[in-house]
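First to last, the sequence lines map onto chains Y and L.
To convert, note that position 424 of the first sequence is 443 in the numbering used here; the numbers rise steadily by one, no gaps.
To convert, note that position 396 of the second sequence is 1157 in the numbering used here; the numbers rise steadily by one, no gaps.
Hints in this document: simulated from the structure, not taken from any laboratory.
Beta carbons: idealized from backbone N, C-alpha and C, even for Gly.
There's no promise every hint is true.
[Claimed, not checked] DEER-style ranges, computed between Cβ atoms:
(1) Glu244(Y) to Leu1162(L): 32 to 38 angstroms
(2) Val1282(L) to Asn143(Y): 22 to 28 angstroms
(3) Thr272(Y) to Tyr1100(L): 41 to 47 angstroms
(4) Gly245(Y) to Gln1063(L): 55 to 61 angstroms
(5) Gln1063(L) to Glu409(Y): 53 to 59 angstroms
(6) Glu800(L) to Gly86(Y): 37 to 43 angstroms
(7) Leu1108(L) to Ala101(Y): 16 to 22 angstroms
(8) Arg963(L) to Asp425(Y): 57 to 63 angstroms
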Amino acid sequence: MSKPNPIKTTLLSAACAVALMALTPAQSAEPPIKVGVLHSLSGTMAISETTLKDTVLMLVEEQNKKGGLLGRPLEAVVVDPASDWPLFAEKARELLTQDKVDVVFGCWTSVSRKSVLPVFEELNGLLFYPVQYEGEESSKNVFYTGAAPNQQAIPAVDYLKDELGIERWVLAGTDYVYPRTTNRILEAYLKQNGVADEDIMIDYTPFGHSDWQSIVARIKRFGSEGKKTAVVSTINGDANVPFYKELANQGVTADDIPVVAFSVGEEELSGIDTKPLVGHLAAWNYFMSVDDPNNAEFIETWHGFIKNDKRVTNDPMEAHKIGFDLWVQAVEKAGTTDTDAVQAAIIGLETQNLTGGTARMLPNHHITKPVLIGEIQEDGQFAVVWQTDEEVPGDAWSDYLEGSKDLIADWTPPIMCGNFNTVTQTCLGSEAE
Amino acid sequence: MPTRIPLHRGIWISSLLVLLCLFAVTRVSAEGSETVSFEAALIDLSDPSFAVKQAAVDVIAASGDPRAAALLQALAAGQLYVRDADRALVLVSPSAGDYRLRDALDGSELGEASRREVKKIAINNRMRTQLRTAIAALTLASPDPAVRLRAAQQMLGDPNPLVIQAIRDQLEEEENRQVRDYLTLSLALADLQDPATEIRLRGIDRLSGSLYPAARNGLNRLLSAETDPEVRDAAERARTHIERMRSLNEAAETLFFGLSLGSVLVLAAIGLAITFGVMGVINMAHGELIMIGAYTTYLVQQAMPHWIDYSLFVAIPAAFIVAGLMGILIERTVIRFLYGRPLETLLATFGISLILQQLVRTTISAQNVAVQNPSWMSGSLQINPALALTYSRLYILIFALLVFFALLVILKRTALGLQVRAVAQNRAMARSMGVRSGRVDALTFGLGAGVAGVAGVALSQLTNVGPNMGQAYIIDSFMVVVFGGVGNLWGTLVAGLTLGVANKLMEPWAGAVLAKILVLVFIILFIQKRPRGLFPQRGRAADG
């Protein structure tokens, strides 16, 4: 090593001192705003949720590049609830009481959301939930940036019915709350549209089901009775791969019996051989393939952040992006991160969708979304074949179910209620579950 | 046809008529297309709008141009691209790196181009259906029987008289049995709609015994409108006959499904039958050894991307060696210190299973990986129109039996097998006879682990390959081994197949979730009654 140059050293330390001085006061005066991230990083849901954790980290980093929020930097606090539903509640409590986060982005499965719900209500926290779900819920403390059934399932069925002329329906799903509720809504909807009982087949399978032989054989028989048939699939996670493989092996192609899936997106397709799936459909509110400048920018930022330009973007990522934008705007509008002030400020705020159009936060804590139907292509992307003319407002309580069709959610005064009965003019409160 | 014209020309003319008719029907959606020529339609094909593309396909199909069939087939197969520079249509043969281009019309070589210079012409489901119909009409007289078969299948049940005439003409010179079947069926279905009673009866007679779903649907349609009692009676009888035949085939299909599920259970459990059954080690990492076999398949496929069809033949020995070595490593470093202490073995191997899962997560990816099916594993073997056995399941069933008998031979007929059994039955005695029990333990565990790895290769063809995949099989594996009787390979085979068939028999009426629960309940009750399983080991060793 050469002898240190005294002038250089002095200059360097002076520069350091100046830099430190410039930084220190800002940091000590303004504590960071904490953003909690409650996504499973291990266990079965890690496949889907790890990406969402990275998305929030990216959004936080981007916001900090813009100078933070209210002049304060943002700091992400990441915890790992490990796909363990009770642990979600514990970790949520930890985030709210120990880390004292100002907002939480998290959860994927409905059961994890149901598990943290009482914690957020008790401790008056803020949760942004980014995944399409079964509806029939609206909490003061939760903002649902994913699709409600009327923003995904119902338009998809309309598309099959009107555009493809489908007359027989297979409702296939994994056996848990989201598929069961969604299928109940769809069944009611189909029957109201004059579909007979014998033209609807409902089938549930366990998580991670891998032997689809007899179910596919039954679907094939059901579809060979002369009426055009489609499968509406709420099959979750990786059980889809053997399902589509079996369809292909038994010779069921997308033009005989199309399958429209609500849980198969770009991320899920990136882990599998897509040949057997080509031509099958998925209904989402976002596709990576949509040609829009906002989307291109988002994908570029994502690739830069994750340092891998093969990674895909998907619908729940867009939901987090929208939720994050709306929260940032609400905090700016309220001038504070206080839960009640943000809740009041966020309703009515708007931001750009990545696929064009705007997302507006509604009084029922859901947002407006466009609905897109895409066909799976060989490269694992979707080609959009149909979309709604305008954004569809999310409906917390389905209009097609007895007991829920009279309910609305409205978190603005004077109603301030998540399950307001419009007939009796009463708020059911926590009784309606 | 009134005048007899040479046969093949007759076909040509009638298929042309078919096309014109199709054209006329779809013209509403393709406004103004009558003025569009073949060449103009070619340009429209690269339009982003599906509606414009559909109109263009109609024009091309109806043009009578000899190049139309090949062009539409390329479009349906996703090989038709458009070159950005001059909007020329090109055929692209898939290759790594750059694309090789050929002219879509005359097939001449156009050299290579990068992926960015050409754009694929996207099609949707509607266009696929439209293309299939158009291609069928254009190819019914093709010299290739497979092409004719597809065309005949596509035309099945089409009531259009022009189509019927084309079918009738083709039937006269058709030699392929399968194509004849389809053509005859189409004619029989057409007979059902004839106003003359005797022709309808002839149609019913021809349909009787046919297992094609179209035959039954045709009869159903007939029955819903038919008033003539004689015809109704004949149709009822034919339908009952068909239903009986179909339900027989359904039973055969269910049996096959059950055996196939059973073979998967046997494959997953057979390695455990050795480590747990013979050695008595409660190996909770068994599922992860299966996972290692599956990941070996993935890595082999990554190493030979152009030889996917042969990859499994490399993957099977590779997985056996990798998983086997891993097994020996586990045995030498952990398990050998814990013999005779089942609880600690259970905990230690559970820890190993978590380590292995995390190892895969960090070194490869937390995401599932894509293992491809070789082409010979895809599709199904059509026994008859109502019964098809999927190749992947069929091969795995055979493979499971092969593995089983190979293991049986190793255990019963080789020196190693003899030593393994000796050590398992009486360790002290075996040692005093000069058997190096430590080496035998390691090799036995390695064998069990290696077989688990081989099972992983087979399972990678059926299900997801991911870090958690092993967990899905560990419970089932223990279930099969315990049900079959610990320490008995035959027990494992019989138990696996029985559980598979029982599960599939219950599934149609109980649903997949309940069927699984019922099977578990059944096993619990069975084990209460016979704690040593189906085939209990007898003798002193069993009491030890």
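Hint-by-hint comparison with the structure:
1. Glu244(Y) to Leu1162(L): 32 to 38 angstroms: Given range 32 to 38 angstroms: holds, Cβ gap about 36 angstroms.
2. Val1282(L) to Asn143(Y): 22 to 28 angstroms: violated, 45 angstroms
3. Thr272(Y) to Tyr1100(L): 41 to 47 angstroms: Since the Cβ atoms of Thr272(Y) and Tyr1100(L) sit about 55 angstroms apart, the hinted range of 41 to 47 angstroms is violated.
4. Gly245(Y) to Gln1063(L): 55 to 61 angstroms: Violated - the Cβ-Cβ distance for Gly245(Y) and Gln1063(L), about 45 angstroms, lies outside 55 to 61 angstroms.
5. Gln1063(L) to Glu409(Y): 53 to 59 angstroms: violated, 46 angstroms
6. Glu800(L) to Gly86(Y): 37 to 43 angstroms: violated, 59 angstroms
7. Leu1108(L) to Ala101(Y): 16 to 22 angstroms: Holds, since Leu1108(L) and Ala101(Y) (Cβ atoms, about 19 angstroms apart) stay within the stated range.
8. Arg963(L) to Asp425(Y): 57 to 63 angstroms: holds, 60 angstroms
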